[in-house]
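If you want the building blocks of each chain, they are given just below.
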Amino acid sequence: MHLAYPAVLAVLLFCVGLYGVLARRNAILVLMSVELMLNAVNLNLVAFDVWLRDALHAGQALTLFTIAIAAAEIGIGLAIVLMVYRNRGTSDVDRLRDTAEGHGPDDGDHDAPEEAAAPAHTTEAAA
Amino acid sequence: MTLGPPVTLAATAPQGFLSPTGVEIAFLLVGMATLGAAVITVTTKQLVHAALWLVVALGGLAVEYLLLTAEFIAWVQVLIYVGSVVVLLLFGLMLTKAPIGRSPDADSGNRWVALAVAIASAGALVWVVVDAFRTQWIDLDGAAQGSTEVTGTILFRHWVLPFEALSVLLLAALVGAIVLSRKNGDAETAEAAGTPTSATDKEQR
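Top to bottom, those sequences are chains G and A. The first sequence runs 1 to 127 under our numbering. The second sequence runs 128 to 332 under our numbering.
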């Protein structure tokens, strides 16, 4: 098999994931795009491992490690997203601007106590 | 790491670029399906459909691993990704009260900038990769290089210490997920975030 096929497929999958990370608004969809990028890297590792006929099979071992780390990452990431959702009432990454720069001092200060004080209200508004 | 001699591999591969083998045709077809599912995953307006198309993309990648003779990786991919990660993502979508129907604000306002960045990086990377590996061929003949026997032998002969370190990392991630979720005393969310991770831990062990 030509080596360019898996390599180009991995590149295209990585860039699709990159678009998803940059363009999506929901934090869970961002996590899905990160999974796509990790899978592109896995495909590259497997293809080059088979191509090089590595005696240690480093590519396949690293692929297994990447899959396990991705599972850990998705568990932690979803726990963080759920905690943010409970505290703020939203999981849109565009609205989590408390530490953003250049939008005026009253913007972040105004949003944070209000949303922290009334999470139930914003939950209903988001739903 | 011992690298195989690529010059010999290129010399012993008599294929031409315009005469694809059956494996290459299958790889291309499955690859196009995988890429299409990935594109739908990042562009669809329905959040639950995005998770379901992600299943198609990850399953297609498992088939690609099979075509590359990495059997064990393919089944691990099906077990971990399709079996647990997507279920976790669906749980996350449900627990954050994601809308079931079309949500018009699924994409943020900077999607055109994101599209430009993605196309630019795709063009650059495809150009580099094709230019670099234009004359290289993967020799898929002979014994499967990723069968369970080979992978198990390699993993427990040469990669034991990273494997054990990884299990500690998974345990830390499990504890961290539970701690994060139980901070406000919400028990059911802790279960949702913690239990699939522990299942993954067991699968890895």
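Possibly wrong hints are sitting among the right ones.
Claimed, not checked - With a straight-line cut-off of 20 Å between C-alpha atoms, the simulated EDC-like cross-links for lysine to aspartate or glutamate are:
| id | chain 1 | residue 1 | chain 2 | residue 2 |
| --- | --- | --- | --- | --- |
| 1 | A | Lys172 | G | Asp92 |
| 2 | A | Lys224 | G | Asp94 |
| 3 | A | Lys172 | G | Glu101 |
| 4 | A | Lys224 | G | Asp54 |
| 5 | A | Lys172 | A | Asp268 |
Stated by the list, open to error - Where chain G lies over chain A, by a calculated footprint (3+ residues, C-beta under 8 Å):
| id | region |
| --- | --- |
| 6 | 178–188 |
| 7 | 201–210 |
| 8 | 237–250 |
| 9 | 270–284 |
No lab work stands behind these hints, which were simulated from the structure alone. Being a predicted model, the structure only gives us computed values, none of them experimental. Even glycine gets a Cβ: it sits at the ideal position worked out from N, Cα and C.
Item checked: Verdict on chain G covering the region 178–188 of chain A, where coverage means 3 or more residues with a C-beta closer than 8 Å -> holds (count 5)
* Three residues minimum, CB to CB under 8 Å: does the region 270–284 of chain A make the cut for coverage by chain G? Let me know. => holds (count 6)
* Could you grab the alpha-carbon distance between lysine 172 of chain A and aspartate 92 of chain G and see if it respects the 20 Å cut-off? => 14 Å, holds
Mind checking the alpha carbons of lysine 172 of chain A and glutamate 101 of chain G for me, to see if they're no more than 20 Å apart?
30 Å, violated
Holds or violated: lysine 224 of chain A with aspartate 94 of chain G, Cα cutoff 20 Å?
17 Å, holds
field: Distance restraint between lysine 172 of chain A and aspartate 268 of chain A, which requires alpha-carbon spacing of 20 Å or less
entry: Roughly 43 Å between the alpha carbons, so the hint for lysine 172 of chain A and aspartate 268 of chain A is violated.
- According to a criterion of three or more residues whose C-beta lies within less than 8 Å of a C-beta of chain G, is the region 201–210 of chain A covered? holds (count 4)
Can the region 237–250 of chain A be counted as covered by chain G under the rule of three residues or more with Cβ-Cβ separation shorter than 8 Å?
holds (count 10)
- Task: Take the C-alpha atoms of lysine 224 of chain A and aspartate 54 of chain G, compute the straight-line distance between them, and say whether it is at most 20 Å.
- Result: Roughly 47 Å separates the two Cα atoms, so the pair is violated.
Hint violations for this structure: numbers 3, 4 and 5, all remaining hints satisfied.
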